[in-house]
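Chemist: Going by my numbering, the letters in the sequence shown line up with residues 1 to 155, in that order.
The hints are simulated quantities; they were obtained by calculation from the structure and are not laboratory data.
Note that this is a predicted model, so its numbers are computed, not measured.
Hints may be right or wrong, so weigh each one.
Computed cross-link-like contacts, DSSO-like style, restricted to lysine-lysine with a CA-CA straight-line distance of at most 30 Å [unchecked claim]:
#1 Lys100 x Lys59
#2 Lys59 x Lys47
#3 Lys100 x Lys65
#4 Lys65 x Lys47
#5 Lys47 x Lys100
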Amino acid sequence: MRKREFLAYRSVVNSLLITHAHSGYVQQMDTHLPTATVREALLFSAKLRQPASVPIEEKEAWVDKCLEMCGLEDYADAVVGSLGVEHRKRTTIGVELVAKPSLIFLDEPTSGLDSQSAWAIVCFLRSLADAGQSIVCTYVVEGEMFVTVLTTFLF
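Use the sequences and the hints to build the structure in full.
Modeler: Listed below in structure tokens is the structure:
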């Protein structure tokens with residue numbers, strides 16, 4: 001590889017790494033270690049995805065803040081495998097939030113949820129957006145009320 005090609009390649013790789021470092025992705029499928037607690041899942045993500053220069057105390061404090069934002073304070077010490085679908089989804093979102101992304105992508109975050117849980121997740125995402133979190137979602141819209149709430153995400 002010639003020097004010019006190498007520099008162009010390195011520039012592209014660095015751009016991708018920077019974008020990845022500042023964004024989060026919530027998969028449609030909630031995949032967690034079923035024996036970990038919610039707090040352990042979030043702390044594991046924080047330790048891996050925040051810079052090593054961030055003190056562990058600061059990471060733990062941010063995990064506590066994310067548990068609060070996600071409405072998971074009462075479930076912090078619950079085993080992930082014992083959670084219902086809505087709280088597993090909130091855990092999945094929390095695992096991404098602890099990385100402090102400037103932008104979070106969610107792939108059909110209400111997929112597999114009953115209408116009440118889906119509404120709770122949509123309202124939760126709305127509250128994150130209201131707090132300044134940039135959110136991009138893919139959705140199969142199930143009702144007019146969802147369209148009204150989701151449309152306001154765009155503005």
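Chemist: Hint by hint, note whether the structure agrees.
Modeler: Evaluated hints:
Simply put, Lys100 and Lys59 have alpha-carbon atoms about 10 Å apart, close enough for the 30 Å limit, and the pair holds. A C-alpha spacing of about 7 Å is found between Lys59 and Lys47, which places the hinted pair at or below 30 Å, so the restraint holds. Restraint check for Lys100 and Lys65: the C-alpha separation of about 11 Å stays at or below 30 Å, so the hint holds. Note on Lys65 and Lys47: the hinted pairing holds, with a Cα-Cα distance of about 15 Å set against a maximum of 30 Å.
Distance check on the hinted pair: Lys47 and Lys100 sit about 12 Å apart at the alpha-carbon level, within 30 Å; holds.
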